[in-house]
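Please construct the entire structure, taking both the sequences and the accompanying hints into account.
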Amino acid sequence: MDNRGIIEKQIICIVGKRFPVGEIHFSITKKERDMYDFLLTPEERSLRDEARRFVREEVSSEFLRKMDKDEIIYPRDFVEKLADYNLRGIRFPEKYSGRGMSWVADVAATEEIGCLGMALGCAFVMPSIVGEALNKFGTVQQKEKYLRPYIEGRLVAAEALTEPRGGSDFFGATTKAVLDGDHFVVNGQKRFVVGADGADFFLVYCRTNFEPDAHKYQRISLLIIDKGPGVETEYHYGLLGCKGGGTGRLVFRDVKVPKENLVGELHGGALCFNQMMIPERLTSAAGCLGVWGALDLAVRYTNRRAAFGKLVRKFQAVNFLVADSITQLDAARGLTYMAARAVDEDYPNKRRIVSEAKRFSTEAAWNVVNNAMQVMGGIGYTEVYPIERALRDVRLALIWTGTSQIMNLMIQHEYYDEVLNQPYDRRHMEKDAMNPDESERCFTDEDMWRVHEKKTVD
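Start counting the sequence shown at 1; every next residue gets the next number (our numbering).
Hint data in this document are derived by calculation from the structure and do not stem from the laboratory.
Watch out, some of these pointers could steer you wrong.
What the hints assert, rightly or not - No farther apart than 30 Å at their CA atoms in a straight line, the calculated lysine-lysine pairs in the DSSO-like style are these:
| # | residue 1 | residue 2 |
| --- | --- | --- |
| 1 | 81 | 227 |
| 2 | 69 | 176 |
| 3 | 81 | 66 |
| 4 | 216 | 143 |
| 5 | 256 | 143 |
| 6 | 256 | 216 |
As the list claims (entries may be wrong) - Each pair of labels, with its calculated beta carbon distance range:
| # | residue 1 | residue 2 | range |
| --- | --- | --- | --- |
| 7 | 374 | 431 | 46 to 56 Å |
| 8 | 418 | 141 | 32 to 42 Å |
| 9 | 41 | 215 | 34 to 44 Å |
| 10 | 451 | 419 | 19 to 29 Å |
| 11 | 419 | 374 | 37 to 47 Å |
| 12 | 443 | 197 | 55 to 65 Å |
| 13 | 43 | 331 | 21 to 31 Å |
Virtual Cβ for every residue (Gly too), placed ideally from N, Cα, C.
Structure (structure tokens):
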């Protein structure tokens, strides 16, 4: 039997059906469309399939067009429909209407939702971010009043971190919350709040410790602030992409916030922030995996568009861009799922891996969308295809939840600590050199003179 016959026999054993020889390759390719199943448990695969079906059947193209034209201020209908399909609060306890599943499950669902664009992706992952603080640090009363109805789609929430004075300098926040008896009085501004228009309540970081010598990690607190008197959305941003998400600037003027709306400890906002950065960055990485939609679109295009007498996919310049793109996307996928597993297992170095996933996945997504537009040529730059919208959307991913440069700061800091300060039981390679002459291993001027003086004495 020749190799072709062996392959055909193997296929019959696997799928229980004989295919004509010309269809053998197609059947293998079709089987491999879910080649990432090995990353997921049966329950996680089932959730991914639910999200995939929701994306395919429940979100119309017209809805996406209205979002991109800012005809929708905030996609509340989308949020409520997600709740109807039990696709909110995936990681949170069932007693608060969550599904009690893993971070890997959350990432798998987010990857499917990601093809809908940044605004809807953000609306989908926001419960994972806001819910993290409420679930980890909130009181039972706060969970019943806010977390449960939030997961059930009866409330919409947003987080308010960045101020007009800056974003990455988070602990320099100037929004003030002064404790006055049984309530706080809040004054200040927050910008770039996704859901500023549309949210029913906000998680707001405020300065509560006004001691001049207060450590930066002991200055701020996290408050739940309901939309109401004194809370105004005074500016709605015109964005390059990520439209329809209600992104605006919030202003707080003498807002009275009940003391029981304090999340965590007084002046303990840094701990909440540190925890929330895991879902902030991991959901950014997972959402960017959704550029599979743009890449698949470009592949289908190159399999139909002909030039110089053959399909453009037959040109090496084109198919190499496709190869580069899927390689980068798979690498991003691998790193993001590894980060999710690290968080699930509470791995000691999870923060570094999450930062790596956020930086690499967002940059890979940018490259993939640019390559998709490149292989499609001029038509990809038009509104005839949604590649241009994907390009506008993805650019934001390299900025929000921590820029690539901030991620690099986090990564190098964590890695230096792992190698230099943590228990190390791996081989030290310094002695493996062909000539491991310690006299030439001078790191400072003092080393140099110490070696020189030693040779003089010898």
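Each hint, compared with the structure:
In summary, the hint linking residue 81 to residue 227 is supported, as the alpha carbons are separated by about 23 Å, within the 30 Å threshold. A C-alpha spacing of about 36 Å is found between residue 69 and residue 176, which places the hinted pair above 30 Å, so the restraint is violated. Note on residue 81 and residue 66: the hinted pairing holds, with a Cα-Cα distance of about 17 Å set against a maximum of 30 Å. Among the hinted pairs, residue 216 with residue 143 is consistent with the structure: their alpha-carbon atoms are about 28 Å apart, no more than 30 Å.
Distance check on the hinted pair: residue 256 and residue 143 sit about 21 Å apart at the alpha-carbon level, within 30 Å; holds. The suggested pairing of residue 256 with residue 216 holds, with an alpha-carbon distance near 25 Å, which does not exceed 30 Å. Under the hint 46 to 56 Å, the C-beta atoms of residue 374 and residue 431, about 48 Å apart, fit the expected range. Our hint of 32 to 42 Å for residue 418 and residue 141 holds, since their Cβ atoms are close to 40 Å apart.
Take residue 41 and residue 215: their Cβ atoms lie about 43 Å apart, and the range 34 to 44 Å holds. Distance hint for residue 451 and residue 419: a CB-CB separation of about 25 Å, consistent with the stated range 19 to 29 Å. A hinted range of 37 to 47 Å for the beta carbons of residue 419 and residue 374 is consistent with their spacing of about 39 Å. Restraint check, residue 443 to residue 197: a C-beta distance of roughly 56 Å satisfies the suggested window 55 to 65 Å.
The hinted range of 21 to 31 Å is satisfied by residue 43 and residue 331, whose Cβ atoms lie roughly 26 Å apart.
Consistency with the previously given hints fails for number 2 only.
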